[in-house]
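Taken in sequence, the protein lines are chains A and B. Residue numbers for the first sequence follow our numbering, so the first one is 1 and each next one is one higher. Residue numbers for the second sequence follow our numbering, so the first one is 1 and each next one is one higher.
Source of the hints: derived by calculation from the structure; they are not laboratory data. Keep in mind the model is a prediction, meaning the values are calculated, not measured. Among the clues, some could well be false.
[Unchecked claim] Have a look at the derived ranges for each label pair, beta carbon to beta carbon:
1) E405/A x L31/B: 40 to 48 Å
2) I161/B x A465/A: 54 to 62 Å
3) E235/A x S35/B: 46 to 54 Å
4) Q79/B x N292/A: 51 to 59 Å
5) N292/A x I26/B: 21 to 29 Å
6) E235/A x V95/B: 45 to 53 Å
7) E54/B x H184/A: 27 to 35 Å
8) N292/A x G18/B: 36 to 44 Å
9) I26/B x A350/A: 52 to 60 Å
10) D522/A x I26/B: 52 to 60 Å
11) L20/B x G475/A: 54 to 62 Å
12) A465/A x L31/B: 22 to 30 Å
13) P94/B x H184/A: 17 to 25 Å
[Said to hold, decoys possible] Negatives, chain B to chain A, calculated, CB over 12 Å:
14) V40
15) I44
16) V165
Using N, Cα and C, we set each Cβ at its ideal position, and we do this for glycine too.
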Amino acid sequence: MKVSIGSLGVLLIGSLLVGCGSGSDSALESTPDSAPESAAAETSPQTGSAEQIVLAIGGESEEGYDPTLGWGRYGSPLFQSTLLRRDADLNIVNDLATDYTVSADGLIWTVTIRDDVVFADGEPLTAADVAYTFNQAAESGGLTDVTVLAEAIALDDTTVELRLEEPQSTFVNRLITLGIVPEHAHGPDYARNPVGSGPYRLVQWDEGQQLIVEANPNYYGAAPGIQQLVFLFVEEDAAFAAAKAGQAQVASIPQALAVQSIEGMTLYDVTSVDNRGLMFPYVPATGETTPNGDPIGNDVTADLAIRQAVNYAIDRQALVDGVLEGYGSVAYGPVSGLAWEAPGANIQDAQPEEAQALLAAGGWADSDDDGILEKDGVKAEFTILYPASDSTRQALALATAAMLEPIGIQANVEGKSWDEITPALHSNVVVFGWGSHDQTEMYNLYHSQAAQGDFYNAWYYANQAIDDTLDLAMGAPSEAEAIAFWQAAQWDGTTGFTTQGDAAWAWLVNLDHTYFVSDCLDIGQPQVEPHGHGWPITANIAEWAWTCS
Amino acid sequence: MQLRSILIFTTQKLLRLGLLLLAVAIFTFVLLSLSPIDPVQAYIGADMMQISPEQRQLIAERWGLDQPMLLRFGDWLGQLVQGNWGTSMVFNQPVGEVIASRFSVSVQMLAIAWLLSGLLGLGLGIVAGALAGTWIDRAIRLYAYTLASSPTFWVALLLLIVFSVSLKVTPICCAAPPGRLAADVTFWQHLHHLLLPALTLSIIRVASNTQRPRQKQIEELPSDYVRPAVHSFRGAVQSFTLSAPLTQALKRLSQQSEVTLFMTLLAVFKVLLYRYTGQSDILIGHPIANRNRPETEVLIGLFANTLILRTHLADTSTFAELLQQVRRSALGAYAHQDIPMEKLVEVLQPQRDLSHSPLFQVMFILENTPIKTLELPGLALTPLETPFTIA
């Protein structure tokens, strides 16, 4: 079948070329040299150089490149620069800022900035631009959340004061991710004509196809090693094909293709905090409903012994090896691998005996010999929902269910669409995925006040001690001081939301992000990447270098 | 006169299009508003853990999603009338610009696809029609049917695999080579990148473009003359006389077959047309007095109607069978002679064309009323033959 279509295609091409050739003779004569040359350039694989590399890593920002609307919300906005940034180890370091202080009540952040920075158009970047950017972002209905900002005021050319409505230690993430826009050149057209002080400036954007950027000659940092970058917006399979054809020097590929090899390219297996886990409804089903009328609670998963037993019974390394083909790491909490992970929260898993002991101690026994435990007439049975379109989550759900069967817990696995999962969210176990460099996520996952019948704390987890700790973390003046509280919320030796405490979730794995990178390209040390959007691998792109001559 | 009818036609069509679009807009709006998908949630997507309720409110305000449904629709419609198509939530850009920026590329691609499919379809159709029934015709038909029943995206994927991945003769993506600035893209590169998409689009269209010329050709080839696009209404009269014995024989045949002389003559005429046209489905018009009630018989006025007598000559192998078929169709038509032909055309809605009348092209009348010579005192009257030049 394939052959016959192909040969018909050849037939068509043949007749087509005849048709074209006869009609365009004059054009051919007028450019006798350029036509064959360009045809040859396209058929032979393009190799990268210090002049230009092609990146097929997806992630087109269809909305454009306006930071006040959410561009660069995962950090490194490319065209713009940020006050602070995270280094390879996710430590916070200065970028535009030379220093910043937070008042004792956590309400006033004072930032001093460099005085030698100019935008790509040559205009100087002053504190007024910073204040403008923050005020603008706070008012705009985009995807960056700066609503905690009361107002930003430029005290002088290099000092800006950010006044908050309430203390928020995670506000530092806005300083890390919000690219500064020029007040004089910012308007409705800015998203398609971004002007910033970042390492690169926009040359051409063919929407839906490619983005061409070149090194910004006015950049205040070290000059980027690669002069021109081309971001190719193709699907993962096409990205792989482009890499294989030598047309792309960096290609983001699905893990299923990572086992393949491409000549002249190396597989980069970048650790991420792109996590997957089982979310347990925390309260019993009492007939209570969310404001939308969706049921809340599950009598089986409301039992601590069940939740802990699941956590102990699962063999996470087997999931990494079996489901993720080894391209992943085990996860015991929502921030596994990040600096604010509680070191003591990890457990020794793959222990069905330990799980069975916990269940027995919790009053669960198999009284009718059907292989499934009971307690007070309730069977240890629940449904694991996963979005049907996601094969990784499906495999995780099925593998987990198989691991729970030997300890007497019956997990029924069902794939559904998000529209069906959403109302069932608060009463069923769901395979979820999160992962961010911003601790706000942890707060919204576990704080009891966040549970409003939406995705925030959809499982109605509630522990006053944890609430207090999370509030302390959020109210701390700096990230460094907040980290102790973030860690304590996970596990402080007596309480926590991880397994040894309330076991609110059974976290399973962190996915690795897999890239093929040209052997001639030195991309330095990649950061631990967040839940897959944007271009996390480009965080240090100014440091990339072409090593072949 | 013609200009006016074209104007009326265009206005009607435009009006209908406008109403259709309005209906689609209302339908889409209501459906989307009632669907469980929250547009704010859809906009936020995977960032939901980073977006506070306050920011959600800002987003809803930005897109006017905090307003009631009717108000939003009215607002949108009002702006639309003033020429403002709104702002795309996906592209953060006026919808008009979003469409315009994609329009030129699409138009180029469509134009090439139309041209290719037109030329290719016409060529293949003519070849297939001229060689109808041969293996070449069959191969072309198989090709057309196969493509007509294949989804475009599937054909596109196959072509991409063959030409871009395996043979590497066409580019994998984009309207220009990656990394090349718009100003540096040569005409050839542009064409090279348009080639596969345009080809894919045209291949599908080729299928239908092949069938029509082929069919038309098969219809027209056996005839001696080509039918002009517009009626010429040129005509002539051909008179001839049947001999008395032949007339008697015809009458006898009619009696034996239990048909009227009219039916026999009609059958003969149908055979004649069948031989001339090579078509077996023959429709002939026949005027009828339509006074089949005693009350109307004595009234002054025009009741005449036209019947359509249809015969499938392919279904008969002998003339006797044909005669019976003509009888059945005639009796059937007589039974319903009071149904006006205009009504029939209205209901059947045959495709109208200036080159021919609807439903039938030939009428057949048997004038068997005895011709009485009009006698006026003092005058001798004889019928005068006038040359007919119209039809």
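### Query
Is the Cβ of I44/B more than 12 Å away from each Cβ in chain A?
At roughly 7 Å from the nearest Cβ of chain A, I44/B sits no farther out than 12 Å, so the non-interface label is violated.
### Message
Can you tell me whether the CB distance of E235/A to S35/B sits inside 46 to 54 Å?
### Response
violated (27 Å)
### Message
I want to verify a distance hint. Is the separation of the beta carbons of D522/A and I26/B within 52 to 60 Å?
### Response
Once the Cβ atoms are compared, 58 Å apart, the range 52 to 60 Å for I26/B and D522/A holds.
### Task
Please test the hint of 54 to 62 Å on the beta carbon pair from I161/B and A465/A.
Because 59 Å falls inside the window, the suggested range holds.
### Query
Has the hinted range 54 to 62 Å been met by the Cβ atoms of L20/B and G475/A?
With a Cβ separation near 58 Å, L20/B and G475/A satisfy 54 to 62 Å, so the hint holds.
### Query
Given a hinted range of 22 to 30 Å, is it respected by the beta-carbon distance of A465/A and L31/B?
violated (47 Å)
### Outcome of range test on Cβ distance (I26/B, A350/A; 52 to 60 Å)
holds (58 Å)
### CB-CB spacing for H184/A and P94/B relative to the 17 to 25 Å hint
holds (23 Å)
### Query
Taking the beta carbons of N292/A and G18/B, is their distance inside 36 to 44 Å?
The hint (36 to 44 Å, Cβ to Cβ) holds, given that N292/A and G18/B are roughly 39 Å apart.
### Given as non-interface: V165/B, partner chain A, CB spacing beyond 12 Å
violated (6 Å)
### Query
Does V40/B really sit off the interface, with its C-beta more than 12 Å from all C-beta atoms of chain A?
violated (9 Å)
### Task
Could you say whether the range 40 to 48 Å given as a hint is met by the Cβ separation of E405/A and L31/B?
For E405/A and L31/B the Cβ distance comes to about 43 Å; the hint holds.
Consistency note: the structure conflicts with the earlier hints numbered 3, 4, 6, 12, 14, 15 and 16.
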